[in-house]
Each structure stands twice: as C-alpha cells, then as structure tokens.
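Undergrad: The residues making up each chain are set out below.
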Amino acid sequence: QQQVKQSPQSLIVQKGGIPIINCAYENTAFDYFPWYQQFPGKGPALLIAIRPDVSEKKEGRFTISFNKSAKQFSLHIMDSQPGDSATYFCAASLTSYGGSQGNLIFGKGTKLSVKP
Amino acid sequence: NAGVTQTPKFRILKIGQSMTLQCTQDMNHNYMYWYRQDPGMGLKLIYYSVGAGITDKGEVPNGYNVSRSTTEDFPLRLELAAPSQTSVYFCASSRTSGGRNYEQYFGPGTRLTVT
Numbered sequence: 001q002q003q004v005k006q007s008p009q010s011l012i013v014q015k016g017g018i019p020i021i022n023c024a025y026e027n028t029a030f031d032y033f034p035w036y037q038q039f040p041g042k043g044p045a046l047l048i049a050i051r052p053d054v055s056e057k058k059e060g061r062f063t064i065s066f067n068k069s070a071k072q073f074s075l076h077i078m079d080s081q082p083g084d085s086a087t088y089f090c091a092a093s094l095t096s097y098g099g100s101q102g103n104l105i106f107g108k109g110t111k112l113s114v115k116p
Numbered sequence: 117n118a119g120v121t122q123t124p125k126f127r128i129l130k131i132g133q134s135m136t137l138q139c140t141q142d143m144n145h146n147y148m149y150w151y152r153q154d155p156g157m158g159l160k161l162i163y164y165s166v167g168a169g170i171t172d173k174g175e176v177p178n179g180y181n182v183s184r185s186t187t188e189d190f191p192l193r194l195e196l197a198a199p200s201q202t203s204v205y206f207c208a209s210s211r212t213s214g215g216r217n218y219e220q221y222f223g224p225g226t227r228l229t230v231t
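Protein chains in written order, with the numbering used here: chain A, 1 to 116; chain B, 117 to 231.
A few of these clues could be false.
[As the list claims (entries may be wrong)] With a cut-off of at most 25 Å between alpha-carbon atoms, the simulated PhoX-like pairs for lysine-lysine come out as follows:
hint	chain 1	residue 1	chain 2	residue 2
1	A	K15	A	K58
2	A	K111	B	K160
3	B	K173	A	K111
4	A	K108	B	K173
It is worth saying that the hints were derived from the structure and are not from the lab.
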C-alpha cells in the first residue's frame, strides 16, 4: 500500500532527447507527488511537484504527467542537456495528514545520463 | 539562509564505535527527518520529528537514536556501529501550514563507512 515503484533504474539518452521516468503508486489517498533531482555528492532537491487535481504540470523543460485512474505519474525532460545528468527520485505522500502519514515515500531512483 | 547543514561530511568508524551526526536548519521548519541512502535503494526514513521534544520512528530505526531539544537541531546518534550502517545519511526539514506538508529541503549528506 505504501510503495512507490520507479522505472527504469538507469537511462542513457543523447542530448536533445526526451527521457521519460515512470512511477506507480498503490495508495489512492496519496495527494502530493514530487520529483527530486540529485547530483553526485549533493542532497536531493525538489524539481517539480503535482497534486492529483491536474493531469499535467510544466516547469521549464520538465513536465509531470499524472494518470489518477492508472495510479501512475511520469517525468519528461524536454530537450535534455548533459547538465541534466543526475539521479531522479519520485515520491508520494498524504500532505493533509500530520505524523507518519504525511511522510514522503520515495521510489528507488533513476540514474540519467545525457550524452553530448 | 544556510538551509540545512550537516556535519561531518565524511566519517570512518570501527565496528562497535559510536558517533553523532549533526543536523541544523535555519528556516524555522517544524518537521525534520533523517534518511539513509544506499545504492539503488532510494531514501529510507530512519526517524522524524514534528517539533521540539517530539520524535518518532521511520522505516529503518534500528541501531539509531535521535533527540530534538530545539527547533533548529536534530542530531542522529549511532550506538555500536555495524557494517550494515555504512551509508550516506541525509537530514531534511519541511514546514507545515494549514495541515499540509510542504517541500522537504535536504542537507548535503554525511558519508559514513563502518569497517
């Protein structure tokens, strides 16, 4: 019920390509779905997040697509650049609750390499 | 603002030794968290705190202890270090408002090796 499954584990694309990372969740009560970006030797940083009342959210070259009925969401990176090479984590939580129910459940991460 | 700071950046421990990982945030966030990150395994929650004086276990609390005497500080204590505790440890903080949790801000991490 509390798992978030992320795929693929690693991804290599050419510069300008559109990598897509997918996540699936089980708990239908989740209402907050962020993506975090982590560069080597650094802590994760919030990239973009979506709530289930919309099906898509764009911020610059990054887009989240959300499919509530399928319990899936994905990250698309348009016109990918070598500087986008990082590990990406999806996550989910119940933001309306305090305590443990409000904690983020993370996917296992996708290591993205964008080749020049 | 410095955000979330962690010390030390690196540490090597011998089996059975103890140590404290320090975490401080200057954003006046009420929530603070400790995670460990192992290769290919994502982030696992060790302990979290909803405010000063209140802490609770996460997914993988065994072998660790925490305290939260102030809003700013959330140290993680390792007693009797074991090789299984070799990992990268991240501290994070977030605020809540109107019953909703907001973005978690992460520190730079502490890389711990137990040999």
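Undergrad: All hints, please: hold or fail.
TA: Here is what the structure says about each hint:
1. With a C-alpha separation of about 20 Å, the suggested pair A:K15 and A:K58 falls inside the 25 Å cut-off, and the hint holds.
2. A C-alpha spacing of about 18 Å is found between A:K111 and B:K160, which places the hinted pair at or below 25 Å, so the restraint holds.
3. In summary, the hint linking B:K173 to A:K111 is not supported, as the alpha carbons are separated by about 29 Å, beyond the 25 Å threshold.
4. Between the alpha carbons of A:K108 and B:K173 the distance comes to roughly 20 Å, so the proposed pair stays at or under 25 Å and holds.
The structure does not agree with numbered hint 3 stated previously, though it agrees with all others.
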